[in-house]
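*Asks:* Sequence:
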Amino acid sequence: MSEQRVVQYLIFKLDSLWRRLPQEERHRGREEFAAAIQSCAKEVMTYSYSLAGLKAGADLLLWRISPSLDMLQETTSQLMQTGLGRYLETAYSLLGLTRPSIYGETEGRRYTLKDTPIFVGVHRSLEETLALLG
Numbered sequence: 025m026s027e028q029r030v031v032q033y034l035i036f037k038l039d040s041l042w043r044r045l046p047q048e049e050r051h052r053g054r055e056e057f058a059a060a061i062q063s064c065a066k067e068v069m070t071y072s073y074s075l076a077g078l079k080a081g082a083d084l085l086l087w088r089i090s091p092s093l094d095m096l097q098e099t100t101s102q103l104m105q106t107g108l109g110r111y112l113e114t115a116y117s118l119l120g121l122t123r124p125s126i127y128g129e130t131e132g133r134r135y136t137l138k139d140t141p142i143f144v145g146v147h148r149s150l151e152e153t154l155a156l157l158g
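Residue 43 in the working numbering sits at position 19 of the sequence shown; the count goes up by one each step and never skips.
Calculated directly from the structure, the hints in this document are not laboratory data.
Small disclaimer: the values here were computed from a predicted structure and weren't measured.
In this text, a Cβ means the ideal position worked out from N, Cα and C, and glycines have one as well.
Where hints are given, some of them may not hold.
Label pairs and their computed distance ranges (CB to CB) [to be verified]:
(1) Pro91 <-> Leu118: 32 to 42 Å
(2) Ser149 <-> Glu48: 31 to 41 Å
(3) Pro91 <-> Pro46: 22 to 32 Å
(4) Glu27 <-> Ala65: 34 to 44 Å
(5) Gly158 <-> Leu118: 23 to 33 Å
(6) Glu27 <-> Gln97: 33 to 43 Å
(7) Arg29 <-> Glu55: 20 to 30 Å
(8) Arg29 <-> Thr114: 38 to 48 Å
(9) Gln47 <-> Leu121: 19 to 29 Å
(10) Gln28 <-> Glu48: 17 to 27 Å
(11) Thr122 <-> Arg44: 35 to 45 Å
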């Protein structure tokens with residue numbers, strides 16, 4: 025159980041030009057983005073969070089976990105080449121190395137008063153999160 029994993033919090037800002045595109049083009053761009061995430065689901069576990077209206081300069085947070093930094097970089101490149109990805113700017117990218125907790129599931133998730141969140145977001149399905157981007 026000492027397998028290390030790379031964890032990334034990838035925060036994007038959406039260009040306002042995105043909302044001026046025709047609805048059909050935005051729909052196609054969201055589908056391409058979702059397909060890119062799903063195509064690498066075996067190598068990169070991804071959780072999506074909406075930051076819309078919660079943080080200035082940040083609209084989308086992807087919490088990604090992978091055994092390889094190379095894989096995170098390659099999949100980010102794929103995301104940025106999608107219809108939606110062309111309108112996203114990386115606002116923040118936070119990286120860390122982790123390994124499974126020796127204390128089990130419940131101990132590792134305990135929140136303490138010393139924990140101060142940097143970003144607050146709403147965890148939603150990928151489809152719901154992308155729909156909120158317009």
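*Asks:* Could you run down the list of hints and mark each one as holding or not?
*Replies:* Hints versus structure:
1. Taking the beta carbon of each, Pro91 and Leu118 are about 18 Å apart, not inside 32 to 42 Å as hinted.
2. One distance hint, 31 to 41 Å for the beta-carbon pair Ser149 and Glu48, is violated here, with the actual separation near 22 Å.
3. A beta carbon spacing of about 40 Å between Pro91 and Pro46 contradicts the range 22 to 32 Å that was offered as a hint.
4. Distance hint for Glu27 and Ala65: a CB-CB separation of about 18 Å, inconsistent with the stated range 34 to 44 Å.
5. Here the CB-CB span from Gly158 to Leu118 is close to 25 Å, well matched to the stated 23 to 33 Å.
6. Between Glu27 and Gln97 the C-beta distance comes to about 20 Å, which lies outside the given range of 33 to 43 Å.
7. Arg29 and Glu55 have their C-beta atoms about 28 Å apart, which keeps the hinted 20 to 30 Å range intact.
8. Checked against the given bound of 38 to 48 Å, the beta carbons of Arg29 and Thr114, roughly 21 Å apart, lie outside it.
9. Taking the beta carbon of each, Gln47 and Leu121 are about 41 Å apart, not inside 19 to 29 Å as hinted.
10. A hinted range of 17 to 27 Å is violated for the C-beta pair Gln28 and Glu48, which are about 43 Å apart.
11. Remark: the range hint 35 to 45 Å for Thr122 to Arg44 is upheld by a beta-carbon distance near 40 Å.
The structure is inconsistent with the numbered hints 1, 2, 3, 4, 6, 8, 9, 10, although it conforms to all the rest.
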